[in-house]
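Colleague: Since each chain comes alone in its own frame, lean on the hints to assemble the complex.
Spelled out from the first residue to the last, the chains are:
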Amino acid sequence: MATFFGEVVVAPSRSGVDEEEEAREETPEDREIRRELEKKREVDVHWTLKSGATAESSAGEPFLCSKFIVAIGHNAAAFLSSFILDSVCWEVVGVVKLWNEWCRTPNTTNVLPTDSFCLFYRLISDPTVLLCQCSCYVAEDQQFQWLEKVFSCMQKESLQVTILSTCPVADYKTQESTLTLPSPFLKALKTKEFQEHVCCPLLEQPNIVRDLPAA
Amino acid sequence: LFQPAVSVGNVGQLAIDLVISTLDMTKVGYFYTDCLVPMVGNNPYATSEENSKELSINAEVYLLPSKKLVVLQIRSPFIKNKYRPFCDTLLSWVKSCNCARVVVLSSSHAYQRDDEQLLGTPLRYLLTPDLEKAVGGHIQELKWKEMEKVAAYPGVNDTEKVLHIPGGGITKLLFTESCSKGIQMAVLLKFCSEGDNIPDAFALVSYLNDWLQLIKSEVNTSSQWKAPSSWRLLFGSGLPPALF
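In order, the protein sequences belong to chains W and C.
Note that the numbering used here has the first sequence beginning at 1, numbered continuously upward.
Note that the numbering used here has the second sequence beginning at 1, numbered continuously upward.
Just chain C, same shape as in the assembly (with noise of 0.2 Å):
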């Protein structure tokens, strides 16, 4: 199961439409929830005048068969104390579905970087101790860096450390949450900040291919991903002409 974190740049949620976009997953269902804002629209997906009147809401489950693919699209954010009870939801789900593993796509804010996070990659992993034991050596060969933890009390004691990932949502709930509950998840995120994010987008599902091999890897991958058609006037309408 891939799903995003409603997220700083909503980086992880537009990484899930270009998985959804490109390998062209159909739509198996969705999420009747009072924790996400309400919202609907036609297809974001649509490749033509047929496929673009189906109606679309805020958390729907995609699925690809030939990969044993699900995913979770999230399109709005969460209502006021209720990322909890979500988390909790969403975690039962994955157990009652005996969902094998789980990916978290989500994004922390550039700014809270320290010194040594500002050089190198912004691209970090976070594995529970159930899928380190199956994965870990691969994440290992691909020399990935691990999100590093923050000292609980900076500056009065620096040896306790703690999970930190400011703007990423319910990502450390889900983490720790999956930690305790024997879950195999895998959080891959980017540090970024808000802005145009697509390129972060793409940045994160190549981070996530070059483990998982979703599409063929080659030299420019950046192309192989498909944008939904829903991406199109991101930064609102066309100009005025009166404007110059």
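Only chain W is shown next, with the shape it has when bound in the complex (with noise of 0.2 Å):
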């Protein structure tokens, strides 16, 4: 493609597929390579669901949860971490460990509020609240993953879950600019099934919400 300025470049295609790796058949050192590379992007989930005891993810029942709140992003978890989170009434129960080109989780529970991390914390007073707090970036090819490796540990009958996240204002789209509008501001998305009362205006077409929020 020819820029105005009259260079050649290769644009990259909204298509999604890259034309050199389409023609390109895998040779077995690929497919090694390649099966390396998602061995290092697994996503981990570890419980520690008996205080002292740790439980793999894969091992035992689904464990019974009611409400499961999920902060995506480092300031939903901080809101999560200055007005719900404390040492008394909250325990960590958990934690994802992943790596990607733009995060890696600490291996310890311990964490800093600059760190990135994915924690898991339960109620003490009623044990079937769950909250999240994952400030690392979850890159797209392990957001499928993340879902299917932290829903599957838990009965989802009854259950009731909510996603905490953060949007740049300046990514809203609406008539007026953006520039003019009393930031920051809540929407929201609900599935048919919830049936309660929603605390803020719905999300207008044509926002949309991506990456481990939508997932």
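It is worth saying that the hints were derived from the structure and are not from the lab.
Be careful, since some hints might not be right.
List of simulated lysine-lysine pairs, DSS-like, C-alpha gap at most 30 Å [to be verified]:
no., chain 1, residue 1, chain 2, residue 2
1, W, 192, C, 67
2, C, 82, W, 97
3, C, 53, W, 156
So the derived label-pair ranges between C-beta atoms look like this [as the list claims (entries may be wrong)]:
no., chain 1, residue 1, chain 2, residue 2, range
4, W, 86, C, 49, 37 to 45 Å
5, C, 51, W, 156, 23 to 31 Å
6, W, 61, C, 139, 54 to 62 Å
7, C, 66, W, 156, 31 to 39 Å
8, W, 197, C, 28, 26 to 34 Å
A virtual CB, placed ideally from N, CA and C, is assigned to each residue, including glycine.
Modeller: Structure follows, in structure tokens:
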């Protein structure tokens, strides 16, 4: 493709399929590299449901969960840290370990607010209430894995899930300019099954949510 | 079954939006897949307050029983290395549903056209051998242009020709796989560039309509296709008055 300056560049394709990739057959070496990379990018969920004992996410029965609150991103995680979480009422019961080009989660559950981490907490007075702070970036290819591995551990009947996330105001599409909008502001998306009252207006078309909150 | 290929200008997807919106199709299901980037929003085809609250995700299936028409809409790009598994799953689904015919709406980079392709219509078609037998005659009557093959080794050997759809996403893979699996598939595509692709979508959907007569084609066909409400603000929010 020729740009305005007369240089010829390869334009990134919105089609999502790289032409070179498509034409080349995968060699056994390519396959091996891809497998290694996939292994490195695997999402590991570790639960410490009984104090002291660690349980692999795959072993054991799914545990009972009535409310699951997930905070995705630094802002949402900070909100939970500032207003909800404390060491008296909440205990750490799980951690997600993952690696991608943007972040690596720490090996400890003793994290700093500036770290990228993904921890699960349980309300001591009602162990069916679970909370997740996910301030690490979960890459596109890891989002589905995260979703499946985390939710496969919980019983899903009568489970109410609340997802907290933030998006830049500049991404919000509206008739007026976003500069004049009183920000920050709340918008919500809800499934048909959610019958309770929503505390803020619903997200208008054509705005969408993507990445882990969408998954 | 109509479906788009995620391709240059997203023309296929925009055209499918027009089909779903104009024919007022009902959502009947979705693909739960790890092959597409996740996204969610409220109903993109909302016409009123009540029907705007339904959630919509990245791959959904719509139905129009009166025309025995099923449409798949894809709303996000493929995750790296996942487009092949998606094509495989999609084609097995097509076979298992006993779907009679599949039409893929797609597009290809306009700047890759050769001198001859620069003249005349930018619309092209492809038919798998099984569909060629069934509708080849009708297509001939419409005087449509088949997508030209290009030399496999340009400059070196001009006799060996291959199908090449630059910017077409999974179009070529779907087509070649369907040829080998005996699926009756047609590909309708338009040469275009990235930009405001709404006119391209209208052109592609009119092309489809010339063949399948989904709506009555009158002189000014573009006014009969209903753009969905989600097409508002395609290029961002309003401008700040302070700019002027």
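Colleague: Indicate, hint by hint, whether the structure satisfies it.
Modeller: Status of the hints after comparison with the structure:
1. 192(W) with 67(C): Holds: residue 192(W) and residue 67(C) sit about 28 Å apart, inside 30 Å.
2. 82(C) with 97(W): 23 Å, holds
3. 53(C) with 156(W): 23 Å, holds
4. 86(W) with 49(C): 37 to 45 Å: 41 Å, holds
5. 51(C) with 156(W): 23 to 31 Å: 27 Å, holds
6. 61(W) with 139(C): 54 to 62 Å: About 58 Å separates the Cβ atoms of residue 61(W) and residue 139(C), which means 54 to 62 Å holds.
7. 66(C) with 156(W): 31 to 39 Å: Holds, since residue 66(C) and residue 156(W) (Cβ atoms, about 37 Å apart) stay within the stated range.
8. 197(W) with 28(C): 26 to 34 Å: 30 Å, holds
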